[in-house]
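Take the given structure of chain A and dock chain B to it, following the hints.
Here are the chains, one letter per residue:
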Amino acid sequence: MIVFDEVVKRYPGDYVALAGVSFEIRHGELVVLSGHSGAGKSTLLKMIAVIERPSDGAVRINGQDVSRLGTGAIPYLRRNLGLVLQDNRLLYDRSVFDNVMLPLVITGHPPRDAARRAAAALERVGLAGRDREMPAGLSGGEQQRVAIARAIVNRPSILIADEPTAHLDSAYARDIADLFRSFNDAGVTVLVSTHDERLFAGYRPRRLVLGRGILIGDSAC
Amino acid sequence: MLSWLSLHGRAIGLALRRLVRQPVGTLLSALVVGIALSLPAAGYVLLDNVAMLARGVSGTPEISIFMAHEVGRAELAAVERQLRGEPAVASYRHVPREEALRQLEQSGLGDVLGGLPSNPLPDAFVVTPRGDDPQLYEWLETRFGQWDGVEHVQLDSAWVERLHALLGLGRSAVSLLAALLGFALVIVTFNTIRLQIMTQRQEIDVSRLLGATDAFIRRPFYWFGTLQGVLGGLVALATVWLSVRALAAPVESLAATYGAVFGLSGPGWPDSAAIVGFAALLGWLGSAISVRRHLAERLT
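First to last, the protein sequences are chains A and B.
If you're matching positions, the first sequence starts at 1 in the working numbering and goes up one per residue.
If you're matching positions, the second sequence starts at 222 in the working numbering and goes up one per residue.
Just chain B, with the same shape it has in the complex:
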């Protein structure tokens, strides 16, 4: 185990030395990887912020349950009991028919309502579900509609579906961009490692003559690709953070003109780790393919 660790330690050291030995090449490669990765990373951060903004502007979506006119206290109590016991319900509010009438009168329709012989409005419950998954909303709508005394369930999910569709489209676009640029980065690393192997050819041949295994020869190249990916990931992260900082003030000013309080937020720790990890994975993949392709030639 110690020997295995020391071989990896040696390989990391060797890869680091190779990176440091060519500072310009290393910097340029990190910039290429970083700038390319910053595009999907920034797209992801933007979508996250848009989702947050949309939630803030539209408020929490609700489901209205309208009871039948003829229901009595017992049926209302039964519905309340069921709402209390439903785990998918975050909160609910009972709107008695008298209160609904009062609200309608205050809205300026008092004259119209005054001409009616009795209160035409039913008792209602306004339910806030737990989560914003459109499928959950549809499921709750069906469930509430099956309860005794319920006349009609109104689901205000159109905007939720639209938002989810838009965010879904955005996420697909970002994923596609990430896949395309990721592929390009694998090619960049592939080529860098190919050049590395060409320049290290003599050392590789001598090492093989002296009893080096393929794993021993491949390890520094794997680490080189991975470390180059990590550097690129850090550049991407820095680019996104700098962009967020540069845009934060103008976005806040724009939101203020709409009477909203909104600030752009950058990627959190898990997202930052994911960006660097993704870049490292691409670097490793590019080096693995290159090493497999170019070290396959045997010593003769």
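Looking at chain A on its own, in the form it has when it is part of the complex:
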């Protein structure tokens, strides 16, 4: 489903973020990507969403080489991915509901159907009835749940999360981890990066470990 084939990412100044990373993630897997800060976790995840492109090698999703995708095709790829970023990227001048609706507005969903889906997504992350609130009035964990609801509202087959529990205390972090597990149980391929390896320990996920841009561990191998 997701294939990294000898992927290299060099930044100006000859800084190498990824140095020939190869792996394959199959449909329905729950994969935890770990490693120290600066190991290349975010760069790797950004390549799946074509926020970054490899300097060398190829990234394939469902057989399509997304690293050579034309600019005009990138939005359509992203619509099939659920993306949760470390800083949640919520719009703080919009209500919780409007934030969750945004992906559906972008894809031109009929308003009534979009509203129904947004309400269902909020219920799924445990925020039913909070739709009219503004994000600033929510706790960090709740804001991250809104970001997750926004990521799943389009019913993606792949969910990618970059350090979704980075700024949360352990109780909130556990809740978020449970959520990802429940999405995976529903058949969604989940790829989560975290610096806290113990967080998903109880779910026996596949573990990929990055160190200085090199894949130094893969529990599937």
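Any given hint could turn out to be false.
[Stated by the list, open to error] Computed Cβ-Cβ distance ranges for the label pairs, DEER-style:
#1 B:R514 to A:Y15: 26 to 32 Å
#2 A:P111 to B:A495: 34 to 40 Å
#3 A:M1 to B:A495: 55 to 61 Å
#4 B:L226 to A:S55: 50 to 56 Å
Since the hints were made in silico from the structure, they are not lab data.
C-beta: ideal position from N, C-alpha, C; glycine also.
Just chain B, lined up with the frame of chain A:
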């Protein structure tokens, strides 16, 4: 198609909300666009009124065809027939030589004419052409001069040419003014949209991450610029109408002192639509250039 319409509907709604959210900024921008556009618009209306006034004062221009002395009835009838068949001729009047003599005698030259052995005046036709294009007048002059029995054709077009030259100069000046102010308005809209993009930067980046196409992101800005142009056009139109109303009475009084009946008229529906359309086009152009320039940076 429905989805395309709904995306445009959403973009218009978003643009309207942004306009309403900043009432002072919107009002000031509309006033800047409107006042700037009202100058060429008022110039255009003024020229239109001057052209109308000039036509009224000078009457309809005419061409006089003087026949040779020796022509007979058959040749006169032939000329009449040709005038009747000429589509560029609106009307004509035959002035027989006897009538011309009578008119001259009545003008106070009877004593001079009495000393002549015979009527020195020829038969003549006074022709009113269809339209007031100087080129048409020259063309008709040449054509009439080629007919049998015609001795001389007198074209009274000097004033028409002068009027056209003056109006042409005025129109060029108004066009130049419109182009210069139009350019300034494109810059105003460019800058407004640049600021809009800066304030919406986070929303733009998030939308791109969620799969928004460039068209989806650009659309509200295009509509914002266009709607701002429309508002400016309406301000310009209101300014011109108010000016016409304010000046109508003094102009009528002035015309009355010359024994003329003249009233200022404002822009009609087609001209009004053209002013608003032009303003909308400038708004769209300013936003299109700004969006192209400032949204070109890709998400990293």
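Going through the hints against the structure:
| no. | hint | in the structure |
| --- | --- | --- |
| 1 | B:R514 to A:Y15: 26 to 32 Å | 30 Å, holds |
| 2 | A:P111 to B:A495: 34 to 40 Å | 37 Å, holds |
| 3 | A:M1 to B:A495: 55 to 61 Å | 58 Å, holds |
| 4 | B:L226 to A:S55: 50 to 56 Å | 43 Å, violated |
Hint 4 alone, counting from the list given before, is not met by this structure.
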